[in-house]
Amino acid sequence: MHWWLPLKASTFAGPIDGLFIAILIITGIAFVVVEAGLIWFIVRYRRRPGRKAFYTHGNARAEVIWTAIPAVTMVALGVISNHYWVQIKGRNSIPPNAYPIAIHAKQFEWQITYPGPDGRLGTADDFTVRNQLHVPVGQPVVVHLSSEDVIHSFYVPQLRVRQDVVPGMDIKAWFQATVPGDYELACSQLCGMGHYKMRARVTVHTQADFDAWMKQAAQAGTGGTGS
Amino acid sequence: MTHAAVAASAMRPPFPAERGVDVYNKKLGMWVFLGSEVMFFTALIGSYVILRFGAPGPWALPGKVLNIPVTAFNTFLLICSSVSMVKAYAAIANGDQKWLKIWFGLTILCGAGFVAVQAYEYTHLIHHGFLPSGYRDGSELAELAAANPVMYGQAVAGLYGSTFFTMTGFHGFHVTCGVISMLYLYVTRVLPGKYTKDDHAGVEVVGLYWHFVDLVWIILFTIVYLI
Amino acid sequence: MTTAAAPHAAPHAGHAPMGFWRKYIFSTDHKIIGIQFLFVSLFFLLVGGFLAMQIRWQLGFPGRPMPGGGILPETMAPGGVILPEYYIQLVTMHGTFMVFFAIMPLLVGVFANFLIPLKLGAHDMAFPRINMWSFWTAFLAGMIMLAGFFVPDGAARAGWTSYAPLSARPDLSGASYGQMLWCISLVCLGLSSILGSLNYITTVINNRAPGMTWFRMPLSVWALFITAILGLLALPVLSGAAIMLLFDQTIGTHFFDPAAGGQALLWQHLFWFFGHPEVYILILPAMGMVSDIIANGSRKPIFGYHSMVFAIVGIAFLGWMVWGHHMFVSGMNPTLGSTFMVSTLIIAVPSAIKVFNWMGTMWRGNLHFHVPMLNAVGFVAMFVIGGLSGIYMAATPLDMFIHDTYFIVAHIHYVLFGGSLFALFGAITYWYPKMFGRVMSERWGKIHFWLTLLFYNCTFFPMHIYGMGGAMRRIYDPTQYDFLRPYQPLNQFITISAFLLFATQLIFFVNFWWSLFKGKKAEQNPWHDNGLEWTLPSPAPHGNWERVPTVYRGPYEFSSPEVAEDYLPQTRKLPTDREPVLAPVAGA
Amino acid sequence: MHTAQPHKHPNYLLIWLYLFLLTVAELGLAFELPISRNMKLILLLFLAVWKALLVALFFMHLKFERWNLRILAIVPLPLAAILILAVITEHIW
Ligand code: HEA
Ligand code: HEA
Ligand code: CUA
Ligand SMILES: [Cu+2]
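Chains as they are written, first to last, in my numbering: chain X, 1 to 227; chain F, 1 to 227; chain L, 1 to 588; chain Z, 1 to 93.
The set of hints was computed from the structure by calculation and includes no laboratory data.
Idealized CB from N, CA, C, for every residue including glycine.
Don't take each hint at face value.
Which chain F residues face chain Z? A few, computed with CB under 8 Å, are given here [to be verified]:
#1 V38
#2 G63
#3 A90
Produce the complete structure using the sequences and hints provided.
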């Protein structure tokens, strides 16, 4: 069991985990201030007979301070987050050289169409496999997401990437894996009673392995390596 | 009783109140209720606007499916009922029982007329094959649409039917509720002469509702029938 | 210009003794209606709790027969083993019952009804009969929702958010009648809330006692008033959306059906446009009542009363502009996402004002830890955790990772249990004497509080870690995933804590019922509070006041140097107090 | 005694005439005209809002009410606008 975020296996992991830690620090400070303050007050000011509380209706200066500090922090956080958000999901964020893969989700499986040896989708050498996502390491990959029936969600925790797959919409999402290995693609949007087992295996290959796999899978054709 | 005393006993909440917005409870309550009605129609009209804006094809041209002259007549009826409503209110505000009865009665008649015309419109449309789900297969409209897909908005007939029937249907429902409650007031309060120069909250409050329903229709007529 | 010499002695001769039915069932008395809401929504809280226990059993011990589960029909849990389709029903109905039928009516139905007239010095709500209907439609809505479990194919199973098109298509979700009942029930509930809100708003605006100016209203009333506005304007949107969904299911419309040009995201926009104001409906009244209780327990005026009011208004106002934070990865325009992120983050500011002002209130107080105060401080401590976890999700890139994971589930429960429910435990204990004329047991109240605090944190805190690991929500069997299997011991720990948490709630249950019949008789003002309701006998009589009281000051004058004792009721006239000027009320 | 200062009733029949004429104008716009579709749309919406305002201000007496009731009446409108505008941007980006 991990006590922390999962393995960082994509270029998104850096900013996202960094943001996580930054927010952890900000909220950690707020948390400690509040909880420690509460405990201190609880101990220090608990009722003693004969004592009267300090009669005051407030203090404008104090209130301005504790309004301004969160306000400034939040705006700064917003600006930083937006910087990464634009890189991850922004309109022009998808790298032009990204390797395209089409993923069609349906209750309850992932149909993954590879561009085949020519590297282009929509050509004759495309082939489709079920529940097996293979991507090369170090290369941006763009997934074209479509859905047959209801909303699903494309989620690979180690790659820190998630995108809902909405019927009637063509949505693209991109990522760039950095660590070869086996991961799991989870459907993370409730899509019916089989939602819990709508998973696919994700294999991040080295480029050489990927090419080899591609060659072999393209020969086997549609569903060749499906399970 | 003096004028002021009558007003006090009849109109005030039965207890002294802090100065609120200076209107009596029922009227304030009606305005507040109308606020929620605005949001209800926002959900319906907003969905229509959004669906139409994002529709995958052109909407049917005005007048192709819907009968504009009949509806224009209906609009006219509703405007008339609104003016007769306000005349009824002005009459009783001057203590004029006779004209209250006349104008109030006219309002009910116009309102009922509106519902009747709408019922006629619906049966007519359904007969020709326009349903909440779109054009009925094999119906007259379906054939026309097949011949003129653009003019009849064939690609989005389903959305057309859904939004048309839901919006006008709920408006019609509101009119019907209004007619029923006005009829109730007419029999129990107007005819027996229970409203007076100083006590006619019922007329004013039901009037507010009625004008609101008219106002919604003004918007609906424009965006559903004419655009 | 008349003075407070009330022009009207309460015309209450009309309140002849009534039979049982008129008095307790079809009552128009706001206090009875509040109490009706209390019983019914506590029942639904219990239902929601039972459902949660089944969820937890399945998650801790997937595939094992649930103790006592054998009594469930084959379609739900054959041999006590929960089926996947039953599991989603459990999650859906747990969320739905807790949000719509437990917490919302507990906060608004019970306390808006009970407190607004009492705290403002009115005889009743502005429209008592509408008020009665508001209760009965809510009751009907709850029954319709509950009926879902007993129809063919079972209850709704698209999550409490009912995302279309799953919810719109029986062939895809597997639930036909259940999903329709969900829609019908929420339309009824919407109607009930609108009727209620209309009453609360009118009453607050128009029916305040002489001298009860806007800025002398207790924060609980302020919060309930603003909540009523949120309810008034948010629920019709849900009703409208639910009606469209119902039409999609029944008469073949295509609002949310992408195949015919409908938009799946439209549902989400409408739902969350309602849904986010809804979560503030679920917290603002709690914040208001906690403010009252903390001032009382600290024996100090609330710190920064005006900014507390503006913070409530600010939260409510901003609450309308953040709904998109539930949809960052839904396929929504990412630029819109940026806007929603900023507005969401800004909400931390008014929330900060509230939290720090509560602390300011306790600072140099004379803290008196009666059970309501304990729960109120527990509220502050726990709500902060939930609120701060909201910041993680508000940051869009991070939300891409933690959206729809147990991190969200942890957030939900920290704000809703740690927030709303703790406040409710406090508020119920606090106003119990005024409702029933008896006091709840102090000792058992304390035991209940400490055990709840412990088991609650053991249950929900680990969910943050589980969510950080990437564990998805609404998953029937997490052991399906290799990367989740190592977390199973954690899940079992959560489950056991949850059972203990539930068991602890039975203390509250017993305390509640026992005190109802055997509790210590309450004095008129057991907490030495300043509010108007404490000038009435316990329980408060029908019609409240013979003669409406006059108000001379705000509600938080504790430890005022002007008097010897440490509280100064709002109605007590000191020699320096002037009679309020009462403007004549306009007639029709 | 309707409001604190009872107002004079406006000439309702005149407003009725206004509404009638505006409706006729709207109908005229529904025909094929030598103006662009967008122009037509704007004109139609303008006329609709005009009519709605007439009803609200005169028939519902908003013109003669105190400012706080007027505020109460328009509170929902910005919310409605926020919802529709935000969702529509979805299709423009
Ligand atoms: C009572 C209910 C309640 C409340 C009050 C809140 C309050 C907040 N919520 Fe929460 N939320 C829910 C109930 C609630 N939420 C529910 C039920 C869901 C899930 C729905 C579903 O999908 O099923 C949800 C989901 C949810 C999401 C969507 C997550 C996702 O699905 O991906 C987000 C994202 O931004 C969010 C954010 C926030 C924020 C920023 C606040 C803020 O209002 C919190 C502000 C408070 C504080 C910040 C703490 C106090 C302040 C200080 C101590 C000052 C110092 C602080 C700083 C400097 C940071 N919430
Ligand atoms: C107010 C809201 C509320 C409350 C109190 C709770 C309470 C609990 N919740 Fe719930 N939960 C939600 C709101 C709430 N939840 C929502 C909105 C969701 C999302 C649903 C969705 O995804 O669609 C959710 C989802 C959710 C999940 C995620 C399921 C999944 O995604 O697969 C889990 C899992 O552990 C869970 C567990 C629990 C547990 C163990 C409790 C325990 O705290 C329960 C303890 C028991 C009680 C609180 C009952 C006590 C009873 C009384 C005190 C009554 C006394 C009666 C009288 C005196 C008459 N909840
Ligand atoms: Cu597909 Cu969940
Ligand atoms: Cu939210």
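Evaluated hints:
| no. | hint | in the structure |
| --- | --- | --- |
| 1 | V38 | 4 Å, holds |
| 2 | G63 | 7 Å, holds |
| 3 | A90 | 5 Å, holds |
Consistency with the previously given hints is maintained throughout, with no hint failing.
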